[in-house]
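**Q** Chains A and B supply the protein sequences, listed in that same order. Going by the working numbering, the first sequence opens with residue 48, and the numbers climb by one from there. Going by the working numbering, the second sequence opens with residue 97, and the numbers climb by one from there.
No lab work stands behind these hints: they were computed from the structure. Bear in mind the structure is a predicted one, so any value in this text is a computation, not a measurement. Heads up, a few of these hints could be off.
As the list claims (entries may be wrong) - Straight-line C-alpha distance at most 20 Å; calculated EDC-like pairs for lysine to aspartate or glutamate:
id: 1; chain 1: A; residue 1: K415; chain 2: A; residue 2: E308
id: 2; chain 1: A; residue 1: K264; chain 2: A; residue 2: D329
id: 3; chain 1: A; residue 1: K249; chain 2: B; residue 2: E306
id: 4; chain 1: A; residue 1: K291; chain 2: A; residue 2: E180
id: 5; chain 1: A; residue 1: K165; chain 2: B; residue 2: D102
id: 6; chain 1: A; residue 1: K204; chain 2: A; residue 2: E308
id: 7; chain 1: A; residue 1: K230; chain 2: B; residue 2: E253
id: 8; chain 1: B; residue 1: K372; chain 2: B; residue 2: D209
id: 9; chain 1: B; residue 1: K155; chain 2: A; residue 2: E308
id: 10; chain 1: A; residue 1: K209; chain 2: A; residue 2: E234
id: 11; chain 1: A; residue 1: K141; chain 2: B; residue 2: D209
id: 12; chain 1: A; residue 1: K165; chain 2: A; residue 2: D346
id: 13; chain 1: A; residue 1: K141; chain 2: B; residue 2: E222
id: 14; chain 1: A; residue 1: K338; chain 2: A; residue 2: E180
id: 15; chain 1: A; residue 1: K209; chain 2: A; residue 2: E275
id: 16; chain 1: A; residue 1: K165; chain 2: B; residue 2: D103
id: 17; chain 1: A; residue 1: K249; chain 2: B; residue 2: E257
id: 18; chain 1: A; residue 1: K165; chain 2: B; residue 2: E306
Claimed, not checked - The calculated label-pair distances, taken between Cβ atoms and stated as ranges, are:
id: 19; chain 1: A; residue 1: D252; chain 2: B; residue 2: R370; range: 20 to 30 Å
id: 20; chain 1: B; residue 1: K155; chain 2: A; residue 2: A255; range: 32 to 42 Å
id: 21; chain 1: B; residue 1: V200; chain 2: A; residue 2: L287; range: 42 to 52 Å
id: 22; chain 1: A; residue 1: A255; chain 2: B; residue 2: P181; range: 47 to 57 Å
Backbone N, C-alpha and C define an ideal beta-carbon position, used for all residues, glycine too.
Listed here are the chains, written in short residue letters.
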Amino acid sequence: MLRRSLLAAAAVALAMAPAAFAQGDAPIPVGAIEILSGPNAAYGTAIRAGLELALEEVNAQGVGGRKIALTVEDSAGNKDQAINAARKLIGRDKVVAVIGPTLSNEMFAVGPVVNERKIPIIGTSTTAVGITEIGPYVFRTSLPESDVIPVTLARAKARSVKTIALMYANDDAFSKSGFDTMKAAAEKAGLNILAIESFGSKDTDFSAQLTKIRALKPDAVGISALVEPVSGVLLQARQLGFGKDTLFVGGNGSNSPKLGEIAGSAADGLIVGSPWFVGKDDPANQAFVAKFRAKYGRDPDQFAAQAYDCMHILADAIGRAGTPEPAKIRDALLATKHGGVMGPFTFTPGRDPASTEGVVVLAMQGGKFGIASE
Amino acid sequence: MPAWLDDFLWTYQNLVYALGINGLLALSMYVVLAVGQLSLGQAAFMGLGAYSSALMTLKLGLPFAAVLPLSVVVPMVFALAVGGPTLRLAGVYLAIATIGMGEVLRAVYLNVDLFGGALGLSGIPERATAPLIYGLLGLAVLALWLIGRSGIGRAMEAMREDETAAEVMGVPVRRYKMGALLASATLAGLAGCLSAHVSSFIGPNEYGFEPAVTILSYALLGGIGTPLAPVVGAWVLTLLPELLRGVSDIRLVLNGVIIVLAVLFLPNGLLAVRMKRIGARTAA
Chain A
48 MLRRSLLAAA
58 AVALAMAPAA
68 FAQGDAPIPV
78 GAIEILSGPN
88 AAYGTAIRAG
98 LELALEEVNA
108 QGVGGRKIAL
118 TVEDSAGNKD
128 QAINAARKLI
138 GRDKVVAVIG
148 PTLSNEMFAV
158 GPVVNERKIP
168 IIGTSTTAVG
178 ITEIGPYVFR
188 TSLPESDVIP
198 VTLARAKARS
208 VKTIALMYAN
218 DDAFSKSGFD
228 TMKAAAEKAG
238 LNILAIESFG
248 SKDTDFSAQL
258 TKIRALKPDA
268 VGISALVEPV
278 SGVLLQARQL
288 GFGKDTLFVG
298 GNGSNSPKLG
308 EIAGSAADGL
318 IVGSPWFVGK
328 DDPANQAFVA
338 KFRAKYGRDP
348 DQFAAQAYDC
358 MHILADAIGR
368 AGTPEPAKIR
378 DALLATKHGG
388 VMGPFTFTPG
398 RDPASTEGVV
408 VLAMQGGKFG
418 IASE
Chain B
97 MPAWLDDFLW
107 TYQNLVYALG
117 INGLLALSMY
127 VVLAVGQLSL
137 GQAAFMGLGA
147 YSSALMTLKL
157 GLPFAAVLPL
167 SVVVPMVFAL
177 AVGGPTLRLA
187 GVYLAIATIG
197 MGEVLRAVYL
207 NVDLFGGALG
217 LSGIPERATA
227 PLIYGLLGLA
237 VLALWLIGRS
247 GIGRAMEAMR
257 EDETAAEVMG
267 VPVRRYKMGA
277 LLASATLAGL
287 AGCLSAHVSS
297 FIGPNEYGFE
307 PAVTILSYAL
317 LGGIGTPLAP
327 VVGAWVLTLL
337 PELLRGVSDI
347 RLVLNGVIIV
357 LAVLFLPNGL
367 LAVRMKRIGA
377 RTAA
């Protein structure tokens, strides 16, 4: 009784927008959950920009004679709000597929809920280990770190790196997961790990860790952290006398133009693997960058690029499924063969991206990223 | 059940859970504020309840019927251990000490492998149900209401208004403070256990400084006149972001404005009624 009356009270309070039902040539409802407010809103708004740009192109052509109606919900980076958004999209808006959420932590909470309803959910920016193991309806188009870092380390080895020291921020999931991957990849590549040092994402003093590493004289230093602490580490490393003979290797967190803005020339020489690069000169990518600049008046970042590809991949799957039924869309997604701005794209049977062909190794030079030399 | 109702309940299931769980958290804040203690360890106690119960479910495979009552053990033991030294503190010093306690625990979760570090614990099965959550919430409100109406309630109010005077009048201040802290730990521990078993994932940042302040704001917004008031505060603060989904871009701004207005114009909380007491006489 108690439950029913409480639910009834919630029903009255929340009966707002009427549910959209997909029928005839009505638009096909698709949902996205991204961080549009709060400290991590930059990621979510970049993703939304990429999705909406792709959506314009998709709807100009139509999917089986119908358009796609995209509803983007805000999670504010909060696990509970992300779950509420997913439930609202599926239960009220009747979406046939969900894109997002932005962070791996959010996906660990949202994925099981969406998977239970047998609705495909595709992460465009979730790089942690174990995302697609949540269930058979969970996909991702973002390359996990475990695909990118081995490429970066292979480049380091090609520059005759034999010993490496690892540093990481131990208080956020992204950095910790990236470190786990980096450590495993370094071991697999036969690099000798001399030291492992951790710090907090908001730390400003890394001299204790760096002094210890300096004494061990490694050929390379691998850093898994968000861009602000990575910049701090590099600035202090230069003060402590790390020179050009030490190769700095970044995880995905270092793959941000902000690195050059904060660390300036201290970041020069750092290499990082990226699923995408704004200067990649294939025609598909150049067209995307030009359209993005025309629409938003700024350069796209990797999150926008990943989202752009994801929207096209999903629209393509809905088209091939013939009918917007979630189970058929899932099957069609598995058979995806897409040539996007990140390179050729297919899914593994485990619903991760199959190809690492699109990975480019970038190097910092004069505060800007460019394609790294061999 | 018709399909639309089924969909509707499914859509708002998590919100219904969150309302109940945040209600329990608001009560865990209420019990310490009711004796005049600005103790902000609720998020930490919640984390202890969440982590210990999740580990019992995931690693030991215990049934939920055993996990739920056991989930209060770790928070209570912790409250007993830290209660002694921290209850000598008052006002803002107590607040700082209890926030520090939460940060220490957060560092432990981050650095001990058992707790999964920054990646937290995922894959926790959904075991808690709405009747269970609201049953516990109802029981807690009822129990606190009965205590509030009794002589203990008067003693608690006396402590809140003037601790020294209450002590002089023979109120066992230390014992009541400890009792309130233990009750707070129990309620927060239960809330942690329930929340871990409805959302499949917990991480260390859910129990740090920010949630501690959120829990305090439940009680501040609702008021602490009766046990129902903080629960209402929690419900308003939990519902607002979802009700404002329609205005996506300025959602958090509106949310903040509404809270500021409520605090400005309702300084004693949304429900500023005081409890009727057993044997209370109207002034002659």
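**Q** Could one say that the CB atoms of D252(A) and R370(B) fall in the range 20 to 30 Å?
**A** violated (51 Å)
**Q** Taking 32 to 42 Å as the stated bounds, is the beta-carbon spacing between K155(B) and A255(A) within them?
**A** holds (34 Å)
**Q** Checking one constraint from the list: CA of K264(A) to CA of D329(A), max 20 Å. Satisfied?
**A** Violated. K264(A) to D329(A) sits at ~40 Å, over the 20 Å cutoff.
**Q** Mind checking the alpha carbons of K165(A) and D346(A) for me, to see if they're no more than 20 Å apart?
**A** Not OK: K165(A) and D346(A) at ~36 Å, beyond 20 Å, violated.
**Q** Holds or violated: K372(B) with D209(B), Cα cutoff 20 Å?
**A** violated (51 Å)
**Q** Is it true that the CA of K249(A) sits at most 20 Å from the CA of E306(B)?
**A** Answer holds: K249(A) to E306(B) is near 15 Å, not above 20 Å.
**Q** Going straight from one Cα to the other, do K338(A) and E180(A) come out at no more than 20 Å?
**A** Outside the cut-off at roughly 35 Å; violated.
**Q** Would the hint linking K141(A) and D209(B) be met if the CA-CA limit is 20 Å?
**A** Violated, at roughly 40 Å.
**Q** For the pair supplied as a hint, K209(A) and E275(A), is the alpha-carbon distance within the 20 Å limit?
**A** At roughly 28 Å apart (the allowed maximum being 20 Å), E275(A) and K209(A) break the hint.
**Q** Does E306(B) lie within 20 Å of K165(A) when you go C-alpha to C-alpha?
**A** violated (34 Å)
**Q** Tell me if the straight-line CA distance from K165(A) to D102(B) falls inside 20 Å.
**A** It holds: about 16 Å lies between the C-alpha atoms, which stays within 20 Å.
**Q** Within a Cα-Cα threshold of 20 Å, do K291(A) and E180(A) meet the stated pairing?
**A** Roughly 41 Å between the alpha carbons, so the hint for K291(A) and E180(A) is violated.
Consistency with the previously given hints fails for numbers 2, 4, 6, 7, 8, 9, 11, 12, 13, 14, 15, 17, 18, 19, 21, 22, ordered from lowest to highest.
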